[in-house]
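Peer 1: The whole structure should be built from the sequences, with the hints applied where relevant.
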Amino acid sequence: MYTASRSEKKVADRLKERGLDVYLPMIEELRQWSDRKKKVQRAMFNGYVFVKTHRNQLWECLQVPGAVKFVHFSGQHATIREEDLDIIKRVIETGVGVESDGSTIDPGEKVNVIGGPLQNMTGEVIEKGNKDYFLIRIPGIYQNLLINIPRKFLEVTN
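Heads up: the sequence shown runs through residues 1 to 158, numbered per the UniProt record's numbering.
Everything labelled a hint here was simulated from the structure, so no lab data went into it.
Cβ atoms here follow ideal geometry from the backbone N, Cα and C, with glycine treated the same way.
One or more of the hints may lead you astray.
Mimicking DSBU-like on lysine-lysine, the simulated pairs with C-alpha atoms at most 35 Å apart in a straight line are [claimed, not checked]:
#1 K39 <-> K69
#2 K10 <-> K38
#3 K152 <-> K110
#4 K89 <-> K38
#5 K52 <-> K10
Restraint-style ranges between C-beta atoms, simulated for each label pair [claimed, not checked]:
#6 E109 <-> K37: 18 to 26 Å
#7 N158 <-> R18: 44 to 52 Å
#8 D13 <-> T157: 37 to 45 Å
#9 Q63 <-> R6: 14 to 22 Å
#10 Y142 <-> K52: 36 to 44 Å
#11 V40 <-> N148: 17 to 25 Å
#12 Q57 <-> Q119: 21 to 29 Å
#13 F153 <-> D35: 34 to 42 Å
Peer 2: Put into structure tokens, the structure is as follows:
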């Protein structure tokens, strides 16, 4: 589901109050202000909340303040597989640095992670600036996770 800007947590809480199964992946980042630094929690995917629902509950979900609409691609409601949610949960549990990126990225080399907290995951490598990033695609919502993994932990596959 799409939410209003910076309303992900409020929408998730309100949906949970109504008894719905909701998942909001949150990541922690260090923010710099002029007088201090502080760790803050933010949604991994800006404007997205994952809701497990049935067709007859869609309208009820949209009545929550801050809810905008359900994600659609080619006229169909977007669905995300449990395996993809498990990948997102695993990435969050490991605490690796993460950026989300909704842009189209040309396919790069396919790789296996051979070391570190994400060992045995597979994905693609892209280059962004002077760093190498590991890319995990979440096809159900056309989003990508970019994770900075040292090159020594990546093994190219065919």
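Peer 1: All hints, please: hold or fail.
Peer 2: Each hint, compared with the structure:
With a C-alpha separation of about 30 Å, the suggested pairing of K39 with K69 holds against the 35 Å cut-off. A threshold of 35 Å between alpha carbons decides the hint, and for K10 with K38 the separation of about 21 Å falls inside it, so the pair holds. Proposed proximity of K152 and K110 is supported: the alpha carbons are some 15 Å apart, at most 35 Å. Annotation: proposed proximity of K89 to K38 holds, straight-line Cα distance about 24 Å (limit 35 Å).
For the hint pairing K52 with K10, the CA-to-CA distance comes to about 17 Å; that is within 35 Å, so the pair holds. Separation of E109 from K37 is about 36 Å and departs from the stated range, judged on CB atoms against 18 to 26 Å. A beta carbon spacing of about 48 Å between N158 and R18 agrees with the range 44 to 52 Å that was offered as a hint. The hinted window of 37 to 45 Å between D13 and T157 holds, with their beta carbons roughly 41 Å apart.
Our hint of 14 to 22 Å for Q63 and R6 holds, since their Cβ atoms are close to 20 Å apart. The supplied range of 36 to 44 Å is broken by Y142 and K52, whose beta-carbon atoms lie about 19 Å from each other. For V40 and N148, the Cβ-Cβ distance of about 20 Å falls inside the hinted range of 17 to 25 Å, so the restraint holds. For the pair Q57 and Q119, the supplied restraint of 21 to 29 Å is violated, since their beta-carbon distance comes to about 38 Å.
For the pair F153 and D35, the beta carbons lie near 37 Å from each other, so the given range of 34 to 42 Å is met.
Hint compliance for this structure: hints 6, 10, 12 are not met, and every other hint is.
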